[in-house]
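Enquirer: This is what each chain is made of:
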Amino acid sequence: MHGGEIIPTSTLWLIPALPFAGFLLAIIFGNARRLVTLAAPAAVGVAFAVALAAVLTLLRAPAGARLVDDVYPWIVAGPFRADVAFRIDALSAVMVLIVTGVGFLIHVYSVGYMAHDESLPRFFAYLNLFMFAMLLLVLADNLVVLFVGWEGVGLCSYLLIGFWYEKDENAAAGKKAFVVNRIGDMGFVLGLLLLAWSTAANGALSLDIAHVEEHVHALAPATATAVALLLLVGAAGKSAQLPLYVWLPDAMAGPTPVSALIHAATMVTAGIYMIARLHVVFVASPFALEVVAIVGAATALFAATIALVQTDVKKVLAYSTVSQLGFMVLALGVGAFASAIFHVMTHAFFKALLFLGAGSVIHGMSGEQDVSQMGGLRQKMPVTWWTFLVGTLAIAGAPGFAGFFSKDEILAHAWGTGHYALWAVGAFTAALTAFYMFRLLFLTFFGELRAAPEVAHHVHESPPVMTVPLVILAALSIVGGWVGLPEGWLWGPAFGRFLAPVTGHPDLGEHGAGVETALMLVTTLLAVGGATLAYVFYVRMPGLPQILAWRLKPAYELLVGKYWIDEFYDALVVRPYVALSNFLWRIVDQTMIDGAVNGVATAVVVNGQLWRYVQDGNVQHYALVFLGGAIALVSYCLVR
Amino acid sequence: MVPTSWYLALSAVLFAIGAIGVLVRRNIIVVFMAIELMLNAVNLTFVAFARQLGTIDGQVIVFFVMTVAAAEAAVGLAIIIAAFRNRPTVNADELAVLRW
Amino acid sequence: MGNVLLSLIVWTPLVGALLVLLVPRDQPDGARRAALAFSLVTFLLSLALWAGFRVDTAEFQWVEQAAWVPSFGIQYILGVDGVSLFLVLLTTFLTPLVVLFSFGDITNRVKEYFFFLLLLETGMLGAFVALDLFLFYVFWELMLIPMYFIIGVWGGARRIYASLKFLIYTLTASLLMLVAILYLVSVHARTGAVTFDVRQLYGTALGPTEQLWLFAAFALAFAVKVPMFPLHTWLPDAHVEAPTGGSVILAGVLLKMGTYGFLRFAMPLFPDATRTATPLILALAVVGILYGAAVAMVQPDLKKLVAYSSVSHLGFVMLGLFAVNTIGVEGAIYQMLNHGLSTGALFLLVGVIYGRRHTRAIADFGGLWKPLPRYAAVFLVVMFSSVGLPGLNGFVGEFLILVGSFGANRAATAFASAGLILGAVYMLWMFQRVIFGPLRHEENAHLQDLTGREIAVLAPVVVMIVVMGVYPRPFLRAMEPSVKALVARIEGHRGAVASAGIVGADSEHAAAPSVDPLMNVTARTDARQ
Amino acid sequence: MTPAIDWIAVLPLLLVSGLGVVCLGVGLFVDDDEVLGWGALIGLGATLVTTAVLIGQHGSAFNGTLVLDGYALFFDLLILAVGIVVVLMSMSYVEETGIGAGEYYALVLFALSGMIVMASATDLILIFLGLEVMSISVYILAGAWRTQVRSNEAAMKYFLLGAFATGFLLYGIALIYGATGATRLDVIAEKLGGGVDHRLLLAGVAMLLVAFGFKVAAVPFHMWTPDVYEGAPTSVTALMAVAVKTAGFAAFTRVFLRGFGGLHGDWSMLLWALAVATMTVGNVLALAQRNIKRMLAYSSIAHAGYILVALTAGGPTGGAAALFYLLAYAGMNLGAFGVVLAVGRRGEPHEEIDDYAGLGFRSPLLGATMAIFMLSLTGIPPLAGFAGKVYVFTAAVREGYYALAVIGVLNSVISAGYYIRVLVVMFMTPGTVEVVRAGRRPYLFTSIVFSAVVTVLIGVFPALWLELARLSFLSQP
Amino acid sequence: MGPVTFAVLATALVVSALTVVVHPSPVKSAMALVVTLFLLAVVFVFLGAHMIAALQVIVYAGAIMVLFLFVIMLLNLSDDGAEARHQGGALFRLGAWIGGGVLAVELAALFLRVPFPAPATPPAGYGGAEAVATALFVDYLLPFELTSILLLVAIVGAVVLAQRRAA
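Protein chains in written order, with the working numbering: chain A, 28 to 667; chain B, 4 to 103; chain C, 135 to 663; chain D, -10 to 466; chain E, 20 to 186.
So here's chain A without its partners, still in its complex pose (with noise of 0.2 Å):
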């Protein structure tokens, strides 16, 4: 998979420097408003061009080949060197596109969205420094610059996410969304020094994805495991999974464009496309392999029961997102690189619709995000309500939709690879995506609106800078699965080979195509069931989900306190923590270490004052000292 053509340019760098160029436009030029909105997305829109035009030379070279730019040498230290280097691959070739297209479309959108908010200028710079960052992660071609963008991405996140900071919880969620990511980058770069040192040769140690791919046959078979498994907890924290998902759904503190961006289409999936960009290591080692597969499929099945009963859109949606991720990982733990990325992608297309549309409907309905105060919208904003409707449809994996050909080309390996048990939850996962997507959609958009009458009657249809990107994407859902059809269909899995120099061909084993169409029903069957119950639920007897609640109240409280996991690491962590902390500094440092220092200084001090009442100022006194002296050297004197 390394080896392959390298075609030197010297335009890779502009792609991460256009955003870049705008995020400083931004803070300089920060009071002009109008400048800044249209400088931002063109930031982007150029740099999508230029990855566009990278992308075609890539196209005309031989499968394989890379362009790479390398800029300048960054860190170099004794053996150790990091070269500020880009390269596109097949790999990145893909996130680019994603990062830059999508990320374009969001722009475009939050003009419109933000247009009321004072601090626009702010947004669109933290925007364009987080497409930089995003940029710097995906063409990387050295680990150590990937792990740049990786925290860049963390750092942008956290502010988008307080971005409104009057507000103290969104504050903390975005601490918390930083320090939980920490948490997975401290696995990171662990992962990253294990492996530069174990693939260290010749007296060089470096993080050059090359180097990397070219010596990951030094690694032992536990090495392998080890950086396998410390490179996941990063994937967990970035994209998350299990355990270390929940900074997620708070993140939807920050505005909504950012949650389509970020937390949906770009960010979420560095984890994915580091594990695929660094599949040599785990290929060498099965078991992080199968760990990776559990950690996706648990992931999946616990955040769509979640999402099952939220009542607040853009929590339905991160827990779906949550879910997807995790079916993703399950794609990557099964060996299926290509087809995680290709998930990455349809997922981008639908779900980034899904938050914008979301977006545009709490943007019509004056900031409500709760769907027991929605309904009706169907007439009220018709184009989100449309593209919604395709967002819904492919997520939910309609045969045709986007969502339907990468879901079940996931699964499909799943099984191929003897992962049954994991097939079934991914299946099971798809039923109820199905089932929560449509409860979203009927709850927001059918029945009769409840919202107060003041919000009600100046709900209206948002302006068009906000739904043509909307249509855009929804084309986009729709035809953007057409890439990677199975096995024999027309052109078959076109995406995965293009992709295959990288992420190599993952075998399906002995099954061939028949199963892989025959498991699409199953998973197409399990989808309709879904959709039809919450048609059920939510449109035909929308009494019947209470009395549910109320029959399974357990089971209904545990989900909808989300199986209080928040509260569970804030008394198993948090709190020991400043505990502790507190006890070290009161206890331990001030009382222990300090009470020490100063009590030898005291005792001198106490000493001096004790002794200095020998001085009684009794001549006499004196002189028996002295004659105790004299007598002591005498003594000293007559028996040595």
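No lab work stands behind these hints, which were simulated from the structure alone.
It should be emphasised that the depicted structure is a prediction, and the values quoted were computed from it without experimental measurement.
Incorrect hints may have been included.
[As the list claims (entries may be wrong)] Derived DSBU-like pairs (lysine-lysine); straight-line CA-CA distance at most 30 Å:
no., chain 1, residue 1, chain 2, residue 2
1, C, Lys504, A, Lys194
2, A, Lys342, A, Lys589
3, A, Lys342, C, Lys504
4, A, Lys194, A, Lys589
5, A, Lys194, A, Lys580
6, A, Lys342, A, Lys407
[What the hints assert, rightly or not] Partial list, derived from the structure: chain E residues whose beta carbon lies under 10 Å from chain D:
no., residue
7, Ile77
8, Leu86
9, Phe89
[Unchecked claim] Stretch-level coverage of chain E by chain D, calculated; a stretch enters the list once three of its residues show a Cβ under 8 Å from a Cβ in chain D:
no., segment
10, 47 to 53
11, 153 to 160
The beta carbon of each residue, even a glycine, is placed where N, CA and C say it ideally should be.
Chain A is fixed; fit chains B, C, D and E onto it per the hints.
Expert: This is chains B, C, D and E only, laid out in the frame that chain A set:
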């Protein structure tokens, strides 16, 4: 002939007695006397050694010791008088303004 | 000795200090300007130093040598290498900023303040460039007094306690080092040459126990300055009570004295002892990292928080130093500079709001972003620099340290890396409580944003923070030869290959080709313990 | 039949004692203190110069009992210089306290002559007499302010214990005379080889140690020091703290390192113990003092301890270290007492450390100089005290007394506690005491500044002085 | 002299010395001291130090003791019973006596253990005026001169300290 050691021992005893006097007497003048006693004890030592060594030096030294003793006595007594003018007492243990 | 540049750099501040004293008491501005002028001149001179610095040699450069106390072999030897060069620059870079900041900060006994400040600068610079142990010791102690006065006279409520504690703490340790120095010299004198010249004292033949004792004495002196857990308790007090300028210098430069001392003296003078002590030191360093971070989190006082964060950061530096390989040591040095910049800036920022509100209690702030957007932005950058966000200077140092120490001691590195998390925790939480959230206190609503002067002070730091994060090459390149040489000296018997910093990976490859480098690394780790 | 006398050897002694007599005589007719003071000053200055001219000369008179070697010259010059500074300090003080100037200066000069004898004598008898001349003069000086009860008491205590110590000194001399049949150091030194009764000799050595220990205020023979220093007129305290101690060590060092050098193994342990006790007790007790003179008294005890470290080390290094330390000590300690004088004023001595509150900034000159003296006493580079300590501890380390060196440095940490406290009070606490303007006390302030300059110079350029000390010590016959 | 004489003399000396130390009345102490000094003079004679013995009587018993008595009278200090109310406390006194005792025993033991050879028969005129004088003015000229300064100092001191309060 009495061995020199005996004289020396005798002088040691006298010296010690003088020292004790310095310590235990309350009246400063008497304390001075005790000091004189110590000096005389030392003189005895010198003379004894001079005899033992058959040299005259020891005796000459005694002469100097006497002079010093005289000088000290004069000064010491002068000090007592000066102090007595300010505070009519010659009790050693009442000299305790300066302490601690 | 043709060149006198180093002497100029070292003594210019002293001249300035004396001149400042001559300024009439009723013209504080005169004193201020004079101080600024002299500190700037010093800075420019040090730039010339860098300009003329040859990056291709590990030799000491700009060396000046003159007899001082011949009968004792005490000489006046100055010189810089890649290690000290940047510490000198850091000092000369921070001092003018501090001076400038103090324009508004110090209003009483102005000229005395600047006198001590400049005197302090001379002390610090001297300590960094002195190559004669005695001369070094003189400068080392010389630093104490001005700092003592700065804290004690211009400090806060408990300044007397704090300053005295600072003085006694440091004095105790360094006096023991003095005895060790004398001992070392007397041992070396047996070879016939009585000298304090550290270049000659390197490689003095010492018995193992001898080495251990001497190393202990040196290490104690330096560990107090660093400060290493558990000798750190003077630091929070000193920082909290010191005036802003004092804190900046204290954190920015003085703490580096300790780590610098380790690198220049303690480790190369006593390599065997270093090897023996490494596990202990690493342990303490790790404890310091985690402990400092934990304690910092619960501090109600901004300055205390930053102070404890220093304990944590310097723990990283120690970790890198005692990795004893090129990567780790270069990372450590780089991290010294980073810490100087970021922590210095943090203290300046705290000083800014302290000047406005006369409180440092985190609880008294919150929601400052609205009234102070510029301030908040700068604060943001500085905070993330100190958290070690990639793209800013902090990351480069921290990452190199981790890479290096990972090669030396896996376990220590693993624990230390938890510092990445904890570091983020306390910083972000502080930031959240101070800058984010609603305006909790009315009096904060109308605070003035950064003034021109304050921006002039902070801007250079922020610029450097970014530059050093994006383009560390010139720094690393300049220090590489010297670091390699030092590592070689410490590694001693391991020979040139290992010392060249091509760690484990190939030094053993040379011996036994095509072995899993991991094994080598572990082998090395064992060898060291 | 008087033997030929090498007048060079006795020149300083003659000049100083003669000056004393003259001063005494003139004092009977002139009662303008300032004139007398100037007289003493000029006389001492002239003596200093003449003595300085003698540098390099070697002389010995009275069949070698009184020599003029570099060692003697070193101390002659040091003592004379100290004398000059003390006289400078006294000039305003004497007339403020109403002490009779004529006798005062005369006694100072006699004391100095006694010291010179101690510095240049190589015969125990001479040393004894010189010591008596010095002591008796100082007893009187201590009580010179006879209207003051404290002054009387100081004189009384000093005298009583001094006489007591004299007894031991004589006894020591007697035993040594008995053992070796000689009182001349060179003879004794060669007799040490054999044929002498070791126990007798050692007992004598011990007795001498007691006596010298008393003079230099070594624990446990130090008890008089705080009381006497506190009670005596401050200028006299300065004389005692510096000159008397110096002379004491001059004799001490010569007798022990030259005379009994051969017995080093026997008495080094004793000295070791004395040194430790002296340093520790001095420093720890100084911490507890509130009165600055008393604090300086304990500090002087502590410094005696450091010098004892040098003597314990012994050998040329130790001896030279002791000499150098005395030099450094003289500068900084004189200065400190000068400041004490400057802070006091007629009727209000202001001897409590708290009286110094805020002086640092109110009177910058005093503040700066006092800071220099205190830091130097603490041993902070680049001041004289630091150089001295380095030399002393170098000696200790070279001779293998590591523990002693460590104890020494730990002690100087303790000492920082009280020296720095003075600075804390002066610079960091508000106060009200006003001091007499420098212009009104020109001589005093001159002396203070002079001491400060010396302290700094010795610290920054120790080479010359170190060499001087080394050569001086080695030049002994 | 023979052991017997020595014994007698020694006992007398010790007794008189003790009297000096313990007798409550200063005047009596002074008298006892005079006696002690006389007895010492006798011992000196036996030791062949005739000149010194003479000086002892003249200077000491004569001059110095008179001075003492003179001062005692001047300050008219008779026994004010002060000694009876003994100062310092029993413990202190005990310490003093023990200390003195130890010193005496130590030194005495030391001396008695020293094997002195029988003293050589002294030269003619040993200890006579001429011998002492020669030594004094030839070998000990400088010390002799010093004593003059010493006495001068003493005189000055006495004057300075004891003169009536001036202003």
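Enquirer: Each hint should be assessed against the structure and marked as holding or not.
Expert: Hints and how they fare:
| no. | hint | verdict |
| --- | --- | --- |
| 1 | C:Lys504 with A:Lys194 | holds (12 Å) |
| 2 | A:Lys342 with A:Lys589 | holds (11 Å) |
| 3 | A:Lys342 with C:Lys504 | holds (29 Å) |
| 4 | A:Lys194 with A:Lys589 | holds (23 Å) |
| 5 | A:Lys194 with A:Lys580 | violated (33 Å) |
| 6 | A:Lys342 with A:Lys407 | holds (23 Å) |
| 7 | Ile77 | violated (21 Å) |
| 8 | Leu86 | violated (15 Å) |
| 9 | Phe89 | violated (18 Å) |
| 10 | 47 to 53 | violated (count 0) |
| 11 | 153 to 160 | holds (count 5) |
Comparing the model with each earlier hint shows violations of hints 5, 7, 8, 9 and 10; every other hint is respected.
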